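Chemist: Protein chains in written order, with the numbering used here: chain G, 1 to 342; chain U, 1 to 235; chain R, 1 to 292.
No lab work stands behind these hints, which were simulated from the structure alone. Note that this is a predicted model, so its numbers are computed, not measured.
If the Cβ cut is set under 8 Å, some of the chain R residues that face chain U in the computed set are:
1) A165
2) R167
3) N172
Between beta-carbon pairs, the in silico distance windows are:
4) U:P167 - G:R205: 41 to 47 Å
5) R:A147 - G:A222: 43 to 49 Å
6) R:P85 - G:V161: 40 to 46 Å
7) U:P167 - G:G197: 53 to 59 Å
8) R:G159 - U:A196: 45 to 51 Å
9) G:V161 - R:T116: 20 to 26 Å
10) R:A236 - G:A337: 52 to 58 Å
11) U:G137 - G:L37: 55 to 61 Å
12) R:R158 - U:S64: 39 to 45 Å
Chain G stretches covered by chain R per the calculated footprint, using a threshold of three residues with CB under 8 Å from any CB of chain R:
13) 115-129
14) 142-156
15) 298-310
16) 318-331
For each residue, glycine too, the CB sits at the ideal point set by N, CA and C.
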Amino acid sequence: MTTPHQDTTLFAPAGQALGARRAALLTTRHWVWAGVLAVAVVLPFVFQGFVVFQLTEVMIYGLAILGLNLLTGFNGQFSVGHGAFYGLGAYVTAILMQRYGVAYYWTVPAAGGVCFAVGALFGLPALRLQGLYLALATFALAVALPQLLKFHGLEDWTGGVQGIVVDQPDVPGFLPIDTDQWLYYFTLAVVLAMFAGAANLVKSRTGRAIMAIRDHPIAAAAMGVNEPLYKTLTFGVSALYTGVAGALGALAVQFVAPDSFSLFLSINFLVGLILGGMGSLPGCLFGGLFVLYVPNIAESVSRGLAGAIYGVIMLLVIFVMPSGAAGFTRLAFAYVARWRDR
Amino acid sequence: MMLEIADLEAFYGEQQALFGVGFNLEAGHVRTLLGANGAGKTTVLRALCGIVRTGGEIRFDGKSINGWATEDIVRLGVAHVPEGRGTFVRLTVEENLRLGAITRRDHAAIAADIEQIYHHFPRLKERQTQQAGLLSGGEQQMLAVGRGLMLRPRLMLLDEPSFGLAPLVVEELFGILRQVNRDTGVAMLIVEQNAALALELAEHAYLLETGRIVMDGPSEAIAADEAVRRAYLGY
Amino acid sequence: MQLLLQQVMAGLANGAIYALVALAVVMIYQAIDHLNFAQGEMATFSAYVAWQLIAWGTPYWLAFVAVVILSFIGGVATERILFKPLHNASILANLVAFIALFSILNSGDGYLWDYTIKTFPSPFGTKPLFGSVLIDAHEAGMIGVTAVMLGLIYLFFRGTRLGLAMRAAAANPESARLVGIRVGWMTALGWGIAAAIGGVAGMLIAPIVFLDPNMMFGVLLYGFAGAVLGGLTSPAGAVLGGFAVGVIENLAGTFIPYFGRDLKLTIALLVIVAVLMVRPAGIFGRSVVSRV
Numbered sequence: 001m002t003t004p005h006q007d008t009t010l011f012a013p014a015g016q017a018l019g020a021r022r023a024a025l026l027t028t029r030h031w032v033w034a035g036v037l038a039v040a041v042v043l044p045f046v047f048q049g050f051v052v053f054q055l056t057e058v059m060i061y062g063l064a065i066l067g068l069n070l071l072t073g074f075n076g077q078f079s080v081g082h083g084a085f086y087g088l089g090a091y092v093t094a095i096l097m098q099r100y101g102v103a104y105y106w107t108v109p110a111a112g113g114v115c116f117a118v119g120a121l122f123g124l125p126a127l128r129l130q131g132l133y134l135a136l137a138t139f140a141l142a143v144a145l146p147q148l149l150k151f152h153g154l155e156d157w158t159g160g161v162q163g164i165v166v167d168q169p170d171v172p173g174f175l176p177i178d179t180d181q182w183l184y185y186f187t188l189a190v191v192l193a194m195f196a197g198a199a200n201l202v203k204s205r206t207g208r209a210i211m212a213i214r215d216h217p218i219a220a221a222a223m224g225v226n227e228p229l230y231k232t233l234t235f236g237v238s239a240l241y242t243g244v245a246g247a248l249g250a251l252a253v254q255f256v257a258p259d260s261f262s263l264f265l266s267i268n269f270l271v272g273l274i275l276g277g278m279g280s281l282p283g284c285l286f287g288g289l290f291v292l293y294v295p296n297i298a299e300s301v302s303r304g305l306a307g308a309i310y311g312v313i314m315l316l317v318i319f320v321m322p323s324g325a326a327g328f329t330r331l332a333f334a335y336v337a338r339w340r341d342r
Numbered sequence: 001m002m003l004e005i006a007d008l009e010a011f012y013g014e015q016q017a018l019f020g021v022g023f024n025l026e027a028g029h030v031r032t033l034l035g036a037n038g039a040g041k042t043t044v045l046r047a048l049c050g051i052v053r054t055g056g057e058i059r060f061d062g063k064s065i066n067g068w069a070t071e072d073i074v075r076l077g078v079a080h081v082p083e084g085r086g087t088f089v090r091l092t093v094e095e096n097l098r099l100g101a102i103t104r105r106d107h108a109a110i111a112a113d114i115e116q117i118y119h120h121f122p123r124l125k126e127r128q129t130q131q132a133g134l135l136s137g138g139e140q141q142m143l144a145v146g147r148g149l150m151l152r153p154r155l156m157l158l159d160e161p162s163f164g165l166a167p168l169v170v171e172e173l174f175g176i177l178r179q180v181n182r183d184t185g186v187a188m189l190i191v192e193q194n195a196a197l198a199l200e201l202a203e204h205a206y207l208l209e210t211g212r213i214v215m216d217g218p219s220e221a222i223a224a225d226e227a228v229r230r231a232y233l234g235y
Numbered sequence: 001m002q003l004l005l006q007q008v009m010a011g012l013a014n015g016a017i018y019a020l021v022a023l024a025v026v027m028i029y030q031a032i033d034h035l036n037f038a039q040g041e042m043a044t045f046s047a048y049v050a051w052q053l054i055a056w057g058t059p060y061w062l063a064f065v066a067v068v069i070l071s072f073i074g075g076v077a078t079e080r081i082l083f084k085p086l087h088n089a090s091i092l093a094n095l096v097a098f099i100a101l102f103s104i105l106n107s108g109d110g111y112l113w114d115y116t117i118k119t120f121p122s123p124f125g126t127k128p129l130f131g132s133v134l135i136d137a138h139e140a141g142m143i144g145v146t147a148v149m150l151g152l153i154y155l156f157f158r159g160t161r162l163g164l165a166m167r168a169a170a171a172n173p174e175s176a177r178l179v180g181i182r183v184g185w186m187t188a189l190g191w192g193i194a195a196a197i198g199g200v201a202g203m204l205i206a207p208i209v210f211l212d213p214n215m216m217f218g219v220l221l222y223g224f225a226g227a228v229l230g231g232l233t234s235p236a237g238a239v240l241g242g243f244a245v246g247v248i249e250n251l252a253g254t255f256i257p258y259f260g261r262d263l264k265l266t267i268a269l270l271v272i273v274a275v276l277m278v279r280p281a282g283i284f285g286r287s288v289v290s291r292v
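Use the sequences and the hints to build the structure in full.
Modeler: Right under this line is the structure:
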């Protein structure tokens, strides 16, 4: 079985010698991104409220999956527990807003900070665990969070089984849009910034160190890469990303409850990551799309067999695209390039 | 003629590694494949075992084995001692040897064969019940050769048997190979970087360069060749 | 003291279930070199098939044997149809297949047999064993069956040529091919055996926890934890690990009441993670030394 391979991201590294062909491709990619951005900005005016909400959710899940991607796709550390960081971020937002009256936009970085700390702390003992055993530890995390949230000793803060209702964020007065649209743009801004941050990280020396640890930890250590430091930091950053997604999710849904953040969420993130393509940044959005929409599609085909249909669709996708959507796209482009060279 | 190869091509994905290699091997004979790193020597052995994608003709006992699965080729009596030994590290030494004979039906003879292997390699008998992964490089190589012999093969393919071994150990190993060839008549195709030793053991040699045979002849002739001596024998 | 003993015995009784599941997990791991996350669902499906046969009037032991055979065939078929096409893909692609299988079986169970809880008969009866209050006949029967299966499996893998071939195929498929082993079929066989073991586990567990589509979920968690605790390379260790998990879970629930009730599972998992810190390959596991 092959190890996950990194994506040549759509952001070409700076300082690389560019042939004329390469330069042309670079510009094409820039145009593609500009186009996508333009479409993204216009969408909330084309669609109705609920669809806008769903689009916001897609971005949020994509961001959550990006967090997992940083840890598993780029650093090779397995996690079946990222639902816990998502839930943690959501609850930080809910608690800060409802119990302490903090403005919603401050809760997002706060959620990130808390999750970074928790993630890094978790990453420390996790250094000793590999593969399956790390999976088990993260699994424990995923299972623990809902139980902790329901724990009667913490009920005053967490609202116990009933959860917390979150107030609607206010739209800044001078903008002529509704709440759904405002949340969409707010999310879009945060998600764009964080994706850009991730792309930067991946291209940097730190990013290369992180990937070196994934590909050949012994060689990396022999070259002076401080494995424990990077692995712990990556855990923290990964948790930060997913935690921020959780915070945005709490704002979008305006409700948090323990059972929304169960093990299944963690598994969904993992499925979304794999189907999108490990080590691919754009793939995360595909993953988010899949995980949000396909279960609904399955349910509309047959309520009783929804799970089975979801499973079958998953199988079809993985059979056709074993390296995820990103891998598939790469292959497709390679075929086109070879065909053009003939 | 036991083994006939003609116009052999081999591919790793899109990369072509062999470009029309051809040679024959008669039953009981020992031949060697020489060449620098990356010349394609290991690829030839892999092609013979069906591990890489091939084009061209491979015939064993007159039967075409193109596209055959590795395990089926092995069952014809072809033992491959791979690069890196391929030891079952979590299993014991004895289990590794028993695995060599796993496709044989003559159960009674297997125990006797294992004793014979221990006779050739006493150090293996000492470590009979130990985890094979704990053996030294030289011992693992002996184990790999022993495992290959347990098949009672008609053809043995050896990939760089001297790799990483101390000179004395290598001499011992090659001595045993010579003896086995004399006693049992098993044919051998040996891929080696240690040209001097290989040319002593084999009757006939082929020199590979970037996927093509560039020289083909009896070992004495190859060993005497000026260019070969300078490039591969160091004098 | 009396309470402690009682809880330990109760924990052991639960532990027998986890031990059985842990054994199945390790057996699969030995046979195919990774974990089968849909193990529990396959076991539940087997239990449902058994239930259906019995509901149609089949005598218990006939249904038992039939289900073991059917589970074996089902396991082989699942491997050949679902996982053979993916054997060149990454571990994570296979993981998706496992998750999909889980989803399909779980949903299928609910669709075919609905979600009402069903009772499942026990071949051993439920009377207390020899009048003791600590353990009843069924639980004793389970422990007995676990012990017998462990023995048979040990003999199979250590003492037979086929068992050796299967171990080799799982440990090093390339080398296994070079000695003539048909690795694909070994993997399929491993799945078959594992599915059969799972079927037995399902039929023995159902009388205690009652039959519903999510029956094995919690149990599999604990079984998996037990297997990891004991060490994935050691069947005996897995069984002991399963029993240990049962006891830990019960003691935590009883003696740490403030946290215990709500966080039983969490505490059990935390204990296991703590053990893994100290012994990363599990208590009885053998860490493989890899040469660079």
